[in-house]
Each structure stands twice: as structure tokens, then as C-alpha cells.
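Peer 1: Chain by chain, the residues run as shown.
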Amino acid sequence: MYQYDAIDQRLVDERVAQFRDQTRRFLSGALSEDDFRPLRLQNGLYIQRFAPMLRVAIPYGLLSSRQLRALAYIARKWDRGYGHFSTRQNIQYNWPKLEDVPDILAHLASVQMHAIQTSGNCIRNTTTDHLAGIAPDEIVDPLLWCELVRQWSTFHPEFAYLPRKFKIAVSGAAQDRAAIQVHDIGLQALRDEGGAVGFRVLVGGGLGRTPIIGTVIREFLPWPQLLNYLDAILRVYNRYGRRDNKYKARIKILVKELTPAVFREQVDAEWAHLKDGPGTLTGAEVSRIGGRFTRPQYQKLDALSVQCTQALAREPGFARWAGRNVHAHKVPGYAAVTLSLKKTGVPPGDATAEQMDAVAGLADRYSFGELRVSHEQNLILSDVKQSDLFAVWQEAKALGLATPNIGLISNIIACPGGDFCSLANAKSIPVAEAIQRRFDDLDYQHDIGELDLNISGCMNSCGHHHVGHIGILGVDKQGAEFYQVSIGGAQGNASSLGKVIGPSFAQDEVPGVIEKLIETYLARRDGDAERFIDVVRRIGIEPFKEQVYGNAHQKREARERQLATA
Amino acid sequence: MATLIRNAKPANDSWQRLDPAADGGLPAIPAQGDVLVPLKLWQSSSSALLGRSSGRVGVWLAPHEDPALIADSLDALGLIAVHFPQFADGRGYSTARLLRERYGWKGELRAIGDVQRDQLFYLSRVGFDAFELNDGIDTQAALSAFGDFSEAYQSSVERPLPLFRRRGAGAV
Chain A
1 MYQYDAIDQR LVDERVAQFR DQTRRFLSGA LSEDDFRPLR LQNGLYIQRF
51 APMLRVAIPY GLLSSRQLRA LAYIARKWDR GYGHFSTRQN IQYNWPKLED
101 VPDILAHLAS VQMHAIQTSG NCIRNTTTDH LAGIAPDEIV DPLLWCELVR
151 QWSTFHPEFA YLPRKFKIAV SGAAQDRAAI QVHDIGLQAL RDEGGAVGFR
201 VLVGGGLGRT PIIGTVIREF LPWPQLLNYL DAILRVYNRY GRRDNKYKAR
251 IKILVKELTP AVFREQVDAE WAHLKDGPGT LTGAEVSRIG GRFTRPQYQK
301 LDALSVQCTQ ALAREPGFAR WAGRNVHAHK VPGYAAVTLS LKKTGVPPGD
351 ATAEQMDAVA GLADRYSFGE LRVSHEQNLI LSDVKQSDLF AVWQEAKALG
401 LATPNIGLIS NIIACPGGDF CSLANAKSIP VAEAIQRRFD DLDYQHDIGE
451 LDLNISGCMN SCGHHHVGHI GILGVDKQGA EFYQVSIGGA QGNASSLGKV
501 IGPSFAQDEV PGVIEKLIET YLARRDGDAE RFIDVVRRIG IEPFKEQVYG
551 NAHQKREARE RQLATA
Chain B
1 MATLIRNAKP ANDSWQRLDP AADGGLPAIP AQGDVLVPLK LWQSSSSALL
51 GRSSGRVGVW LAPHEDPALI ADSLDALGLI AVHFPQFADG RGYSTARLLR
101 ERYGWKGELR AIGDVQRDQL FYLSRVGFDA FELNDGIDTQ AALSAFGDFS
151 EAYQSSVERP LPLFRRRGAG AV
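Here the protein sequences come in this chain order: A and B. Residue numbering for the first sequence follows the working numbering, starting at 1 and increasing by one per position. Residue numbering for the second sequence follows the working numbering, starting at 1 and increasing by one per position.
The following block holds chain B by itself, in its conformation from the complex (with noise of 0.2 angstroms):
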């Protein structure tokens, strides 16, 4: 069971997350809990998902799905996760910013699949609050990659002025 991390702390996690089956085939959808979901089972079926007697709905995008498909669906979810197939593959840090600075996800918004220490602290700046961090990895140890730098010169979701705007007003 993956270790999640959530605002750089560990955190106990209620949601269900539900894949495609292996066939390409959408999964069930549980009578209750916190189910997070992929695209295409939100896309047919969220009267369904939303009509359920309990429990929040999240949806999961993967790294070439397009965060604006769900732009106007933001009130309805509980939950945004990206998914990283390898760590390498860094679409995901574009639809985070997208999903934070574009389209105004003002909620959880996690990292999951292979995160590893090594990435939280870019992750973290790129809007990413929440880490469903790889089996094996030492939690307390990681949380000191949120401390990797101490400044940092680009403009980011959690810093949204870059340094040299702060410079200019004093404030560094």
C-alpha cells in the first residue's frame, strides 16, 4: 500500500481508486466511499457517480489527458489525482499548473503512481499537495525534499511572484 503524503505530512487516505480493467473495460462503481476514478468513467457515467447514497467522487487524469475536459466539472469533485506511468514522464507538472493556475482547482490535487522522494519538491511547486509515494520509500526521509532548496527564481503556483519580482518589492 502506497504511503500518502498530504501537505508534507503523512496522511491516512478514504479514497478507492478505480483503473480501467486490463481490457480497456470501465470498473464498477462502489455503492459508497470516496471513489477516485478515471476520465472516461467520469465523462459516462458522473449522474451515476454523483447519485451514489455516500461519498465524494475524484477524478484521475492521465499524463495525455487534457485537464481542461474537466474545467467545468471542478464544483462536482472531491479530488484531482495525476498519474505518472514513470516519474520521467513530466506531462503531469503541466497539467497540475494548468489545473491550479488555469482552470482554478482550488482542492486536493495528487501525484500518484511511480512518485519518489526525489521529485516532491518540483512536484510541490507545480501545485501538487497530496503524494501517493512508491512502496519502499522512507516517509520521513522524504519529507526533507520538500526542504531540497530554500529559494527558487521562476514563478510557481506556490509562489506565484518569481524572485526577481520579490527582490524588487523588498521581500527576500
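Just chain A, with the same shape it has in the complex (with noise of 0.2 angstroms):
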């Protein structure tokens, strides 16, 4: 964990200070509800559909038991005794009252933790790989470059008023799991020859109503550029960013419409004033915020541990458990551990007040006191004995969160959706639950294997419907919900978008119509080490499409062309 000094503590403070005064001065009709909105977004506060909706920061995922049992105590105080974590590291409670979101805010501030820039068109929360610190295929850990990231975009003068939000990830693995190509800027650190740091800089990704990925822009920036590079890019897009048409002003548009070269020219002619400038980072500040992180303190351990070894062999559902919500560590005998919030009937990334203060119980006991939260919307324990696997695989279950479906089709990515979402146009959640339902035979899960299923109820794209292998998008059809579906979409290293296979569907066709999907791809598929996405990326969508649609749609397409040459 980064544990705050004094002055990371004076800051938030005041901002919660700052912040009682703004609802003051709104609620007393000093402030109107133009001029409060900006203000209020930049501390995480939406008017939703039934009430405010608080979005809380959990700066690139890292959680400690002492802040997540403040979450429940919030959940339970001024919420309906519930979260929601979501695609970005962030959880959101909806229905708080907007004078008491000061109290909130100061509870968050005394456990470290704040609402600050979560939403408005500003520089928003740095998210990162789930398993950053951790995961065996890491090249540079992550998080203390996070942190710096952190600390530069919080009140940075100069981009509180961007043309639309601004998102950055970073990775430091070989494998990339913090989506870093599909955000305004994706940073990948690497070591050159020598073993000095540095950055991969991507631009101009993103998912929403233009589905992007991002460009490199720079090949390996040297760490102690990385703020300098950063302004300079933000410079760029705050000044020469569309700001007549807000589906037009994210970075993204910027770089396609300028093309990236030339935006690549101009953040290099910005940067080559920054430059070793006094943004320029020094080796005393990444060894002082290196040493604010506490450490796991990791004993000395066989790399397989016997009784868990006996447990797997004993056990069949531990086993299958383990096979899929257990990682990898890369510290001998360790592992980590995804709570799966996708339990088929709850909200995907749903988690009640009891269910934190429990898995916070788990941490003390068994994970030094640290979880993580990932942006597939899971908890993740991360430093485990193998030697505890077991004992956690039981108290997991007992608290239902031990379904073993990570990676599979069940572990459904979602967003709010219509339920709670004033832009959505579509529910999510009744569909994710509907998809969980039919698919809810594990054997069945487990035989078609890894399938990344993701439903966005609108163009938004907060449910990443673009990178799933299956893709849902909700759509208003003449005011009512329809679903369009599109397959082939991937995250990680070898993003890409999905393509709509056709026409939209009704709620109740599309459990119907992910199955077809399925059975083609089970009838396709050349072995089980063949992945759905696989099958999709070899014969295209045409098969798919036969199968969901029958030949129905070659029939139309074939009639209008003949009435287009008539």
C-alpha cells in the first residue's frame, strides 16, 4: 500500500473542505446547478436516475483491508448497504444524499482515499494491471510510477478543464491486463538493454461511440520524462481539442483527425520545451515514493505446497477453483486469489457491506491485509500461501464468492445499465443475469472455456461490449430496449473490436442467440485449445451470423441489391 504523508493528507483534506463549502453555497442557491456541475463531477458526484450517484477512486486498484471495511461503513451508513466496483477501478455507490457527501468525502479522507477527479472532463483515476507487484510476467512494477501519476494529475492546474475526460492505464507486464490500448493514453513500461525504465507511450484509444485503438507514439520514453511527456500531450489535446461537439472531443478524434504523425510532431515540439525542465523526475523522488509503499513481508516457502497439492487431489470443486480464480505469483509459494463478484442473480461487480467487511477479515488473515480490485469488477487477494488455499477456497464459498468462473463466460463484464444509469438505453443487468442463467451448468462453462462476455447498455461502452469476445451493446429502437451483438472483440496484447453480426434482438432473444453462438463456435472449434475468439479471428462472422440469423439476412442483402441494380 502507498501510505500518505502529511502533505498528500493536507491536500485531500482540503478538498474535502473545499468541496462541504461548493454544496453549501448550492444548496443555499448561491451556486446554480450550472455552475455547481463541473464542481461537483470533479469530486465523483452524478444526478442519476433515482438519485446522486457517488463515484470513490481506488487509485490503481490497490485496496487495504482498513479502507474497504470504510466502504462497507459507508455502504451502510449512507447508501443501501451496497457498492458496485467497476471498469475502472472504482467503486460507486448510488444512492447517496447529496448533503451528505461532504461526510463521505471526509470518511474517505481518513482512510486515505478520496472522489477526486472520477469524473468531468478532467484527468480521471491511473488504472493498472490487478496483479501489479505480483504477476510472474512483470518487467517493471507498475505502481510507484502509478503513484507519481497520480500525484501530477491531482489539481493539475493547467487540465481541470479538458474537452472531455481523460483516462490513462499502465502496464508493466508482458502481458497487458489493464486494457492499455483502449485508453487516451496507454503507458507500457519496459527496460532498455541496460535495465533503465521506461514508457511505450500509446495515444488516442478508447471504446465508447468510436472504438479506437491506440497508436505508440513513442517507441521508449526514459522514466524520468514520463510528467514532462505527459504535459505535453495534455497540452496538445487541452488546446487543440474539439470542443464544439462532445462525441468529437476526445483525444482520439484529435490523432485520427490530425493523423498520428502529426500529432506525434506536435507533443514532440511541446516536449522539446518541457524537457529537462523542473518537471523533469529524479531518482530521490521515485526511491522516496518506492519506500511509502509497505511491502508484503513474504516468508521463505516451497514453490508447491503439499496440502494443497493433497486438496487439489481430493477436492474436484476446490480444484476447479483453483484452475481458474487462482494466479500465479511470483514470489515461491504464493498465489493470488480473484473473489469473483459475478455470482449468476447478483449485479456483476455488485458487493453488499457484509461481503467487504468479510473479505476484509480475509486479507488480515490471509493476504497481508491487501486485495486488489480488478477492472473485470473482482477482488483479488493478493499475496496468499498456497498452503491457505484451501481454507480461503471454503470461507470464499461460504460468503459466495467463489464462483469459479474467472475467464469464463459467466464472469460477465457490465455496467450499470438502465437500472440505475440515466444515459443508458438499455438494462444490463437483467441480460447479464439472464446469460448467467442459461449458461449456469459449470461443466458446460468449463467445456466451452475462455469467453470474455461484455454488455455496455449504451454507446458509452462502460461495459466494454467492444473488446469482448461477445459483445452487448444496449440500443433504443423507437423507445424501446433492443441488443445488438457483435463478436471478435479482444483485450490485452492483441486487442481488437468486435463486429455487430446483425440486426438487433429483444432482452429475451439474447440468451437464445449467445447460445447459437456458442454451439457454432463448439461446432467450429478445432479442439479445446481453441478459444472461442480463436475460432471467430479464423472463420470471420459469416458462420455465426448463418447460425443465428438462418440464411435470412444473405436473402435480404441479395433482394436489395437487386432492387438497387432494378
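Careful: at least some of the hints might be erroneous.
[Said to hold, decoys possible] Here are the in silico distance ranges between beta carbons for each label pair:
#1 B/A28 x A/V500: 58 to 68 angstroms
#2 B/R6 x A/H273: 21 to 31 angstroms
#3 A/F293 x B/N7: 33 to 43 angstroms
#4 A/F293 x B/D13: 46 to 56 angstroms
#5 A/H273 x B/G24: 52 to 62 angstroms
#6 A/H273 x B/P10: 27 to 37 angstroms
#7 B/R6 x A/R10: 22 to 32 angstroms
#8 B/L26 x A/H273: 28 to 38 angstroms
#9 A/D476 x B/P85: 25 to 35 angstroms
#10 A/S32 x B/Q140: 12 to 22 angstroms
#11 A/S32 x B/G147: 21 to 31 angstroms
#12 A/G194 x B/S44: 20 to 30 angstroms
#13 A/Q9 x B/D66: 55 to 65 angstroms
#14 B/K106 x A/D476: 49 to 59 angstroms
[As the list claims (entries may be wrong)] Counterexamples of contact, computed for chain A against chain B with all Cβ distances above 12 angstroms:
#15 A17
#16 Q151
#17 H156
#18 E270
#19 T282
#20 T344
#21 S387
#22 G527
#23 D534
#24 R537
#25 R538
Think of the hints as simulated: they come from the structure by calculation, not from any bench. Note that the structure is predicted; figures quoted are calculated from it, not measured. Beta carbons: idealized from backbone N, C-alpha and C, even for Gly.
Got two chains here, separate frames each, mind docking them using the hints?
Peer 2: Right, here's the structure in full:
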């Protein structure tokens, strides 16, 4: 965990005081709704369908048991007893009262947390790999760099009123688990031949209305230049990003309109002035920040625990869970454990206050009091002894958090959708639940194998449907809720955007459509090792379309061609 | 009439701001007095403006106007202002930093347009030292906004060394 120093704490406390005063002025009528809106948004507060929604940052996904207990306390005292973990390492509360928000923020500040810049047209919470610092394939631990970016972006005076929101993600591993190709800026930490750290810099990726994979504009940025280079990118964007149309205001549109090569030239021209200036990072600062992270005091253990191996042989349920929800750790004898928030019948990413308290207890007993939040909306115990895995499984099972579905079809990523969000065209949660019910048989799920299914309730794509192997998008068709299905999207190193298979479906048709897609895959796959996404890449989307629509669409297209030529 | 704050204190304003006409036509040049003119008028009539019998000349920039366009004229100017059509249009923050840090403007830099209390802290950090506050804002209360935060992480015009460099020097 990063430990605040006196200044970090003071700034967060001062933010609470500032927002308390702004809220007071709004409630007294001294500040208009229009003038208050950007201020409340920069403190994570939306006005939603039923009530305000408060989005709290979990910077780079790192959470202590004490902080999780505070989140549970907030859920109980000021909300309805639960919270929703989002796809960007945040937690959202759907039912706070506007006048209580300053007190909620004060409570967060007391455990070194905040809701600063979790919304609004500013630099948002920096996200990273949920296995940062513990993954065996890690090249550079991204956590300290994330904290440096957090400090740089917090109350950055020049970039508080950007054309649109701005999201940065950092990966330090061989395998990208932070979706850096679909962020406004993606940073891939690397090492040069001498071992020095640097960053491959991608810009202009993003989902939403115009999904685009980011472009590399610098192959290796030496670490001392990190903040100068970010300043240069943001300044070009702040000055030239479009402000005439909110749907064209993200940096991806600027990069596309200028072309990445020209955008890069502009950034380099700006950087030439900032390079080696006062914003250049120092070794002293990097060590100081590194030293403020507490690190688990690992024991020297055997690589494979005997107890664990025996339990795996004895208990098929445990073995199945271990196969999906337990991840390799760089320290021998340890593992990371995903506690699934994707149990059928529970909205994806939701956790009750009781579950949060219980998970905090698990973290204290089994994981040095630390845990992670993943962008797939699950919780992770990051440092569990292999010899404790069986006990963790039993406890997690009792809490309803041991669904062995990580990487499988029922580990659905979904936004809150039309049940809560005022932007949504359609509901997400009931669709997720209907699919989970359709595929409730775990043996069948395991047979289908690795499959990412993502659902967004609208174009804003909070549920990342573009990068789901199967993506579902809620659309509005003459006032009715319909769902468009795409296939072939992927996150990670080989990121790709899904292709729409055809006309959209009514809500109750969706599980049947997914079933047909799966049947097509199972019939066409070249053995268990070929995943759904691999088959889509190999054979294209036509066979899937045919299975779903019959050949009706071909007939229609042929007729349209005839009419067009007639 | 907007209230002027200069160097964190209420101040009197000697400047008359000229705006283009509704059809985009340039305003007439007053014979005397301090005048704050749109960039276009400065570009078309700088000799006429500077040749007046009395009064200083200032230029105000719209959000899209590049401060590089007046970088060679700074010695002739008595004031530069940056216009915020809405406070959420943040281009002027970059304009201000460039004027201060890149082009070396040392004189008064004024925020005009939709300028409110809750933006004063950031505006002052990027180099504004004068603010024409919107009508109806409690000026005395607004002055407290300069103290909203007692520290800042980043490099800024008012304090070029970022926090991490000042820590290193034992200055925090």
C-alpha cells in the first residue's frame, strides 16, 4: 500500500473542505446548477436516475482491509448496504444524499481515499494491472509510476477543464491486463538493454461511440521524462481537442483527424520546451515514492505446497476453483486469488457491506491485509500462501464469492445500465443475469472455456462491449430496448474491436442468440485449446451470423442488391 | 460591472475593453485612455493604437487564439487578457502558461469572461494575477479561494519547482 505523507493527507482534507463549502453554496442557492455541475463531477458526484451516484477512486486498484471496511461502513451508513465495483478500479454508490457527500468524502479521507477527479472533463483515476507487483511476467512494477501519475494529475491546474474526460492506464507486464490499447494514454513500462525503465507511449485509444485502438507515438520514453511528456500530450489536447461537439471531443478524434504522425510532431514540439525542465523526475523522488509503499513480508516457502496439492487431488470443486480463480505469483509458495463478484443473480461487480467486511477479514488473515480491484469488476487477494488456498476457498464459498468462473462466460463485465444510469438506452443487469442462468451449468461453462462477455447499456461503452469476445450493446429502437451483438473483440496484447453480427434483438432473445453463437463455436473449434475468439478470427463472423439469423439476412441482402440494380 | 481582483485584492480598473461588433466588424479606437482590444484590432491597427495621445494598449485573446501571435509585441503592451466564454472551456489555462513560461510576459495577465470563485486557485497557478469576477459574486468570500489548497504537486507559474523538487531541497 502507498502510505500518504502529511502533505498528501492535507491536500485530500483541503479538498473535502472545499467541496463542503461548494455544496453549502449550491444548497443555499448561491451557486447555480450549471456552475455546480463541473465542481461536483470533479468530486465523483453524478445526478442519476433515482439519486446522486458517487464514484470513489481506488487508485490503481490497490486497497487495504482498513479501506475496504471504510467502504463497507459508507455503504451501510449513507447508502443501501452495497457498492458497485466499476470497470476502472472505482467503487460506485447509487443512493447517497447530496447533502451527505461531504461527510462521506471526509470519511474516505480518514482512510487515505478520495473521489477526486473520478468524473468530469479532467484526468481520471489512473488504472493498472490488477496483478501489479506480483505477476510472474512483470517487467517493471507499475505501482510507483501510477502513484507518480496520480500525484501529477491531482489538481493539475492546467488540465482541470479539458475538452472531455481523460483516462490513463499503465501496464508493466509482458501480458497487458490493464487495457492500455483502449485508453486515452496507455503506458507500457519496459526496460532498455541496461535495465533502465522507460515507457512505450500509446495515445488515442478508447471505446465509446467511436472505438479505436491506440497508436504508439513513442517506443521508449526514459522515465525521468514521464511527467514532462504527459504534460506535452495534455497541452496539445487541451489546446486543440474539439470542443464544438462532445462526441468528437476525446483525444482519439484529435489524433485521428491530425493523423498520429502529425499529432506526435506536435507533442514532440511541445516536449522540446519541457524536456529537462523542472518537471523532470529525479531518482530521489522515485526512491521516496517507492519507499512509501508497504510491501508484504513474504516467508521463504516451497514453490508447491503439499497441503494444496493433496487438496487439489481430493476435492474436485476446489480444483476447479483453483484452475480458474487462482493466479501464479512471482514469489514461490504464494498465489493471488480472485473473489468472483459474478455470482448468478447478483449484478456484476456488486458487493454488500457484509461481503466487504468479510473480505477485509480474509485479507487480514490470508493476504497481509491487502487486496486489489480488477477492471473485470472482481476483488483479488494478492498474496495468499498456497497452503492457505483450501481454507480461503471454503471461506469464500460461504460468502458467495467462490464462483469458479474467472475467464469464463459467466464472468460478465457489465455497466449498471438502465436500472441506475440516466445515460443508458437499455438495461444491462437483467441481460447479464439471463445469460448467467442460461449457462449456469459449470461443466458446460468449463467446456466452452475462455470467453469474455461484456455488456454496455449504451454507446458510452462503460461495459467495454467492443473488446468482449462477445459484446452486447443496449440500443434504443423507437423507444424500446434492443440489444446489438458483436463478436471478435479482445482486450490485452492482441486487442481488437468486435464486429456487429446483424440487426439487434429483444431482451428475451439474447440468451438464445448467445447459445447459438456458442453452438457454432463448439461445432467449429479445432479442439479444446482453440478458444471462441480464436475460432472467430480463423473463420470470420459469417458462419456465426448464419447460425443466428438463418440465411434470412443473405436473402434480404440479395433482394436489396437486386432492388438497387433494378 | 464586473469586480476586478488584482494580486488577490479588490482593485480599480482603468481599462476599457473593446469588443468586435456583432457582425464581426472591428470597434472604433478611442482617442485616449487605457484600451484592451481584441487581437484582430491589434493586428490591423497597432500603429494607430500606439500613436494615440495618451493611454496604454492591452490585447485580449479568445480561447482559440495562439499567444505566439503577440509574442513579438509584448514590450508594447500594458495588459494581456484571456477570455473564457464559459469557465469550463480550459484552453485559456494553457494560453496563460505559454505567455508566462514560454514568451516571458511579466505584466498583468487577466482572466475575463465567465470567471468565478471556484476557478481562482487554478487560474492563479497558471499565471493569472488579475480576474474580472462575474457579477453577483461575493468578492470578499471569493478572495479565500486563493487559499483553497496550501500545497500543490505540480510545477506551476507561481512556483516553478514541483513539490518533489522542493522536498529534495529541504524546502517543504
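Peer 1: Compare the structure with each hint and give your call.
Peer 2: How the hints compare with the structure:
1. B/A28 x A/V500: 58 to 68 angstroms: holds, 59 angstroms
2. B/R6 x A/H273: 21 to 31 angstroms: holds, 29 angstroms
3. A/F293 x B/N7: 33 to 43 angstroms: Between A/F293 and B/N7, where Cβ atoms are some 41 angstroms apart, the hint holds.
4. A/F293 x B/D13: 46 to 56 angstroms: Given a distance of about 51 angstroms, which is inside 46 to 56 angstroms, the answer is holds.
5. A/H273 x B/G24: 52 to 62 angstroms: The hinted range 52 to 62 angstroms is violated for A/H273 and B/G24, with Cβ atoms some 33 angstroms apart.
6. A/H273 x B/P10: 27 to 37 angstroms: Since A/H273 and B/P10 have Cβ atoms about 36 angstroms apart, the given range 27 to 37 angstroms holds.
7. B/R6 x A/R10: 22 to 32 angstroms: holds, 28 angstroms
8. B/L26 x A/H273: 28 to 38 angstroms: holds, 33 angstroms
9. A/D476 x B/P85: 25 to 35 angstroms: Since A/D476 and B/P85 have Cβ atoms about 32 angstroms apart, the given range 25 to 35 angstroms holds.
10. A/S32 x B/Q140: 12 to 22 angstroms: Given about 20 angstroms between the Cβ atoms, the range holds.
11. A/S32 x B/G147: 21 to 31 angstroms: holds, 24 angstroms
12. A/G194 x B/S44: 20 to 30 angstroms: Violated - the Cβ-Cβ distance for A/G194 and B/S44, about 57 angstroms, lies outside 20 to 30 angstroms.
13. A/Q9 x B/D66: 55 to 65 angstroms: violated, 40 angstroms
14. B/K106 x A/D476: 49 to 59 angstroms: holds, 55 angstroms
15. A17: Given a closest Cβ separation of 8 angstroms, the condition is violated.
16. Q151: violated, 4 angstroms
17. H156: Violated, because the least Cβ-Cβ distance between A/H156 and chain B comes to about 6 angstroms, which does not exceed 12 angstroms.
18. E270: violated, 10 angstroms
19. T282: Its Cβ does come within 12 angstroms of chain B, the nearest being 6 angstroms, so this is violated.
20. T344: Non-interface label stands for A/T344: nearest chain B Cβ at 43 angstroms, farther than 12 angstroms.
21. S387: holds, 42 angstroms
22. G527: holds, 53 angstroms
23. D534: Fine: 45 angstroms to the nearest Cβ keeps A/D534 off the interface.
24. R537: holds, 42 angstroms
25. R538: Since the minimum Cβ distance to chain B is about 47 angstroms, A/R538 lies beyond 12 angstroms and the statement holds.
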